[in-house]
Amino acid sequence: MLGLENTSEKAYEILRDYDFDNLVIATICSHTDLQLNYGAKQEGFKTLGIVIRDDPDKKKKFYQQAFPKAIPEYFIEVDSYKDILKPGIQEELIEKNTIIVPHGSFVEYVGADDIIKDVYFPVFGNKRALPWESNRKKERIWLEGAGLSMPKKIKKPEEIDGPAMIKRHGAKGGKDFFVVKSPEEFFERMKNKKYKLKDLDIQEFVMGTRYYPHFFYSPIQKNSPTEIKGYESGKGILQLMSMDRRDETTIDEVQRLGSIRELEEYGIHPTFVVTGNIPIVMRESLLPKLFCMANAVIEKADVLFGGIPGPLCLETVVDENLNFRTFEISARIVAGTNPFVPGSPYSVYIDKDLSTGRRIAQEIKFANNSYQEEKDFNIWKEIIS
Amino acid sequence: MLGLENTSEKAYEILRDYDFDNLVIATICSHTDLQLNYGAKQEGFKTLGIVIRDDPDKKKKFYQQAFPKAIPEYFIEVDSYKDILKPGIQEELIEKNTIIVPHGSFVEYVGADDIIKDVYFPVFGNKRALPWESNRKKERIWLEGAGLSMPKKIKKPEEIDGPAMIKRHGAKGGKDFFVVKSPEEFFERMKNKKYKLKDLDIQEFVMGTRYYPHFFYSPIQKNSPTEIKGYESGKGILQLMSMDRRDETTIDEVQRLGSIRELEEYGIHPTFVVTGNIPIVMRESLLPKLFCMANAVIEKADVLFGGIPGPLCLETVVDENLNFRTFEISARIVAGTNPFVPGSPYSVYIDKDLSTGRRIAQEIKFANNSYQEEKDFNIWKEIIS
Amino acid sequence: MLGLENTSEKAYEILRDYDFDNLVIATICSHTDLQLNYGAKQEGFKTLGIVIRDDPDKKKKFYQQAFPKAIPEYFIEVDSYKDILKPGIQEELIEKNTIIVPHGSFVEYVGADDIIKDVYFPVFGNKRALPWESNRKKERIWLEGAGLSMPKKIKKPEEIDGPAMIKRHGAKGGKDFFVVKSPEEFFERMKNKKYKLKDLDIQEFVMGTRYYPHFFYSPIQKNSPTEIKGYESGKGILQLMSMDRRDETTIDEVQRLGSIRELEEYGIHPTFVVTGNIPIVMRESLLPKLFCMANAVIEKADVLFGGIPGPLCLETVVDENLNFRTFEISARIVAGTNPFVPGSPYSVYIDKDLSTGRRIAQEIKFANNSYQEEKDFNIWKEIIS
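Residue numbers (my numbering), protein chains in the order written: chain A, 145 to 529; chain B, 145 to 529; chain C, 145 to 529.
Where hints are given, some of them may not hold.
Interface residues of chain A toward chain C, partial, derived using beta-carbon atoms under 7 Å [said to hold, decoys possible]:
| hint | residue |
| --- | --- |
| 1 | Q209 |
| 2 | G352 |
| 3 | I404 |
| 4 | Y493 |
Simulated from the structure, these hints should not be mistaken for laboratory data.
In this text, a Cβ means the ideal position worked out from N, Cα and C, and glycines have one as well.
Generate the whole structure from the sequences, applying the supplied hints.
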């Protein structure tokens with residue numbers, strides 16, 4: 145039962161009055177919206193897109209025309225995504241029986257705290273998970289609390305004694321990540337930055353290959369009559385949907401020019417801004433361990449903030465001893481699922497043509513069918529907040 | 145209406161006499177031929193392959209046997225691909241009601257200028273676009289004319305003041321690309337080369353991640369009765385089929401040995417020869433801008449040389465500020481579409497199992513059906529030259 | 145006819161008594177087991193998984209629950225995979241009419257020599273190929289004997305005169321691979337290692353891009369009534385199923401930190417441990433040559449040890465002149481096929497939804513149908529040993 149916050153209680157009241165034969169799935173037109181629209185349509189839902197009015201890149205035209213099978217039936221135009229918090233917009237969403245799926249851009253533009261405090265329309269998943277994935281201190285409490293190994297935290301720059309990754313809290317898109325190898329290098333790099341030390345997260349840079357597995361956790365389908373099967377986790381089931389490697393500019397093509405140190409001589413510093421995603425699969429013998437890790441993260445989420453129904457992504461590095469380090473977690477759909485809209489080498493073992501976007505729609509449909517048959521509203525409280 | 149050249153007018157006359165119930169789609173056995181054959185068959189066409197006689201690699205055996213669903217019904221054997229220009233071969237193609245799809249190897253082996261001057265059998269797309277994509281000066285006029293940002297052109301080696309990419313006009317497969325970082329390095333590298341300065345194109349090397357989006361532009365389907373939908377562009381529609389990253393030997397694995405500068409100490413210089421393609425998707429928030437860019441390129445092509453019906457690929461770099469630089473364009477099917485023969489994470493939003501090869505066959509089929517119903521030959525003039 | 149060894153003769157006697165309406169396909173729960181289970185089920189077989197008892201990563205739970213369409217019907221629990229050699233386990237497998245598919249982990253854990261000497265249950269493929277692919281000297285005799293170009297062998301460290309790759313015989317997962325550029329560097333790196341010189345394989349490090357094409361060779365389907373077509377090779381047909389690039393920690397992300405030489409200053413040395421696989425396609429004009437190479441390898445295998453029915457993978461580098469070097473071969477299913485469980489850009493030209501795992505099941509099914517119709521046991525001897 146996720147709804148302990150006031151806005152969630154209000155969302156449940158609102159949801160009770162929805163026309164359950166005409167639910168609409170919505171999100172902001174960005175990030176994974178095409179996938180979510182397409183997945184919702186595969187499951188028979190209509191969709192709604194929230195889009196910026198008068199965009200120089202003609203975003204509305206793009207979402208209205210570019211991909212026929214991923215066009216929302218409805219649009220709401222806003223001047224700023226923050227406008228979603230305004231009662232006028234919220235009422236408009238509610239009037240259309242909308243359930244919102246929060247993705248990375250949604251969380252970034254609207255803000256995790258404001259979503260919890262002010263959003264009272266029904267949100268898919270547990271919105272209280274959002275601050276835990278966007279604040280690095282909370283994230284570390286959660287992941288290490290679940291027994292996961294993370295890159296070692298370095299308390300102060302003076303303690304840097306090998307490759308270290310510097311991240312700014314809440315840095316958008318990795319623009320303010322950088323790597324240093326000594327305290328001297330750290331202070332050198334900080335000269336031109338206006339950051340405060342307290343806003344920085346310094347951690348060991350773990351050598352290895354990066355894997356971003358995309359899980360889905362359903363708290364409602366373990367003992368369901370349709371018997372959708374999966375890895376048993378807490379009261380629900382855990383599924384692996386797909387896996388990607390993030391592609392980051394400029395770091396991921398930096399070797400076409402020279403080593404980082406060489407480029408520094410030219411005053412060029414690599415950045416870690418995500419620009420895309422490459423499909424990948426992991427050595428099969430590592431998957432059982434990965435499921436243990438995801439399972440522990442889900443159980444810890446239950447204790448800390450009431451659970452994480454829906455998608456989650458562990459952002460991992462595999463080192464030369466085949467040990468995992470988890471450097472981040474996303475408790476919502478990630479853009480790394482976008483290569484797998486037609487299905488993935490993992491989801492094919494679960495269902496045909498199964499993306500994370502479609503899986504979310506299946507979960508909503510499953511809850512809806514169950515509610516309409518058994519009239520027990522509690523099932524909604526498991527997946528909506 | 146593409147057919148302003150004499151050879152195109154002749155092609156139209158020839159096409160008028162074709163047996164439209166038995167059109168054959170053909171190309172040279174290389175590059176994207178498997179995809180084109182398979183796509184043509186998916187749409188009900190027979191296919192023809194032009195293949196080199198007596199090849200040490202047994203190319204004909206390969207195309208005849210390796211992939212059952214991509215075997216041409218007909219073969220024409222030649223001693224050299226240039227033989228396609230001979231009237232005997234042209235008549236043989238015409239006798240079989242053939243429409244040729246020019247791909248990268250076709251253009252490279254036969255030559256853009258000779259295709260325009262001497263080929264009078266029907267060619268899919270606008271053959272007058274070919275010199276515009278293969279000559280770097282024309283390419284720059286086209287792309288910058290469309291408002292696209294390109295890597296800065298450096299007029300003379302003395303003006304190199306940072307990483308610069310040196311390309312030879314018409315260099316085949318990237319063998320003669322190299323990177324220098326100063327005038328001194330440029331002249332050092334030129335010592336052993338026999339190139340003339342005027343044959344070289346020197347441009348800024350843009351740090352970033354490379355994305356090769358594959359578009360398809362249909363000038364004939366906007367107001368069609370079947371209402372195939374897409375992003376409105378000029379009088380037609382624009383579709384994104386797929387996206388790849390080129391894999392280039394030796395540059396794309398150079399880091400397994402050392403930095404470029406370190407390797408130079410051993411007399412090893414990286415090359416940029418394309419050997420394959422890796423599937424990729426782009427951050428969704430960048431796609432609307434990308435469609436604006438492709439749209440502008442199509443509109444400019446209309447003005448400069450009568451348009452580019454069919455496939456086009458923008459070869460882009462995304463920098464750390466998420467700005468695009470377009471360093472090249474291909475106005476024909478690219479090999480980067482080959483990972484997506486079974487469909488792509490983008491084409492799934494348009495149609496099931498949709499590759500660029502199949503899309504080309506659909507376009508020919510659409511024109512053919514329309515022509516057979518309405519007897520207006522002009523529709524062929526929109527997509528054939 | 146593969147069965148010249150005593151254990152193979154025994155396997156044939158055992159197979160004669162199998163209940164051919166209830167064949168079971170089995171392997172060790174690791175490597176490509178999910179794919180093999182799924183592929184077997186696609187073709188109507190039941191499956192069996194051999195799994196370690198009481199594993200900290202809960203492997204049995206993973207294989208029983210994680211992927212509903214890839215769960216074995218039967219499990220055999222062992223304390224060590226070597227236990228497969230024990231008559232008790234062998235009898236258990238035989239009782240269930242089991243055909244085992246040996247994959248990389250199977251060969252690694254049980255051992256090629258012990259499989260030949262002690263395993264008398266029916267094994268898919270020719271088990272006598274296994275020592276030829278796992279011993280570097282035999283591998284070189286085989287591949288060079290087939291006319292393939294390999295990285296030059298360097299007889300002693302003193303002869304290193306450029307980039308050289310050092311591999312330890314039978315090194316597991318690439319942990320003990322390293323690159324040196326001179327004799328001095330070699331001896332420096334060897335200081336801390338406990339290897340003997342005779343256990344090492346020193347070869348030229350070939351600059352280029354790596355491609356791992358996955359072939360399937362069927363000795364039984366060329367003249368079959370169902371006319372499954374393919375590239376004619378010896379008495380059978382050769383098919384290309386898919387292609388990947390191996391992803392190796394830490395070498396494949398090393399550039400995110402610095403060049404190898406720079407990292408050595410910190411005492412960090414890259415490793416070549418396989419952690420995953422990335423899908424890739426090769427420039428089409430290189431494929432005919434690749435088929436010639438695979439064909440030659442198959443013909444040489446016939447001469448050397450009776451042939452290689454089933455999957456094989458050539459591990460190649462393409463250099464700047466578009467020449468291939470083959471640095472290894474796998475004569476069994478490789479993990480690089482795992483990105484292609486739903487099918488690949490190559491297998492789509494053969495059959496829908498065709499993975500290597502499914503292709504193996506098809507081969508067993510084809511032999512079984514043929515045997516049940518014609519009662520000629522020899523067909524089993526072509527694909528079982």
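Okay, the hints, checked on the actual structure:
| no. | hint | in the structure |
| --- | --- | --- |
| 1 | Q209 | 28 Å, violated |
| 2 | G352 | 5 Å, holds |
| 3 | I404 | 6 Å, holds |
| 4 | Y493 | 3 Å, holds |
Hint 1 from the list above is the single one not met by this structure.
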